[in-house]
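Taking the hints into account, I'd like the entire structure generated from these sequences.
For what it's worth, the numbering used here labels the leading residue of the sequence shown as 13, then goes sequentially.
There may be inaccurate statements among the hints.
Unchecked claim - Calculated lysine-lysine pairs in the DSS-like style (CA-CA distance at most 25 Å, straight line):
#1 Lys44 to Lys65
#2 Lys107 to Lys44
#3 Lys65 to Lys78
#4 Lys78 to Lys185
#5 Lys78 to Lys140
#6 Lys185 to Lys219
#7 Lys65 to Lys140
#8 Lys225 to Lys236
#9 Lys212 to Lys225
Claimed, not checked - Here are the simulated distance ranges between beta carbons:
#10 Glu22 to Leu200: 31 to 37 Å
#11 Asp61 to Leu104: 46 to 52 Å
#12 Arg222 to Phe202: 26 to 32 Å
Keep in mind that the hints were calculated from the coordinates and are not lab data.
Since this is a predicted model, take the numbers as computed values, not measurements.
By construction, the Cβ of each residue, glycine as well, lies at the ideal position given by its N, Cα and C atoms.
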Amino acid sequence: MASPIFHSIELRRVGSEDENSHPFYYTVYQWKMAAAPPDLVRFCDPTYDQQRKKELTHWIRNPDDKTSCQTLQILFAFSVPTLEAINTLCSLRRKIVSAGAGCGYWEFLLASRGVEIIAFDANGVYPKEMHYITIQTGSSELLSQYSDYALMLAWPDDTDESSFSVDCLSHYKGDCIIHIGELFGETLSFNPWGQSTSCKFQLELLKSFRCIKRVNLPNWPGHKDNLTIWRRINSNIRFPTETHCYFEL
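Following this line, the structure appears as structure tokens:
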């Protein structure tokens, strides 16, 4: 596979409106992983040769390599979007508010397909020149204004101690949450709750929402990402004999 060209944000935006092809980032991901060392999966194997583990980890995370997995995640997004994932979100026919949007790559893809989207972040990490779309500066309190939007959370927490995702859940009064990343038990991390949203967030999410749709995503080494769509339980209209939730999909 020929090396894709992505040294500028204009080049990384290529093909975003194509409804029949995978996003450009997916193509870059395929190119990168096609060149992966055959023993890459053992970068975290405690029984493997320590020097070789360092070499494999360097291949993944080398900050000086403009094509390392970690660098590509910074340039595009932590999770790799697929055509199925973008089509699934478009099929919701919902306005979307993205909290902790980072540089806004997923959000840009959705906007290019006609989705009305608002994105915000604390903007403490990604400079403006890395933004794919306009990213407002703001905190979770903004979500109280968007109860008629679906809330998108893509790797919003940097540690399990982070309160951002659970704060978003507290302020959001709408009925649909889009989660991109890892969830409980679906992770290679020692933390069983994964690397994307905190334990507290996931426990609170389960109290009021149910997962109605799942799309598997490509995974960078050490990741187990999925796109999941959650709908709020309508607890106001429940008879004592009922045992199931009803959702209009």
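To see whether the hints hold, each was checked on the structure:
| no. | hint | verdict |
| --- | --- | --- |
| 1 | Lys44 to Lys65 | 19 Å, holds |
| 2 | Lys107 to Lys44 | 33 Å, violated |
| 3 | Lys65 to Lys78 | 21 Å, holds |
| 4 | Lys78 to Lys185 | 41 Å, violated |
| 5 | Lys78 to Lys140 | 19 Å, holds |
| 6 | Lys185 to Lys219 | 14 Å, holds |
| 7 | Lys65 to Lys140 | 35 Å, violated |
| 8 | Lys225 to Lys236 | 17 Å, holds |
| 9 | Lys212 to Lys225 | 22 Å, holds |
| 10 | Glu22 to Leu200: 31 to 37 Å | 34 Å, holds |
| 11 | Asp61 to Leu104: 46 to 52 Å | 47 Å, holds |
| 12 | Arg222 to Phe202: 26 to 32 Å | 28 Å, holds |
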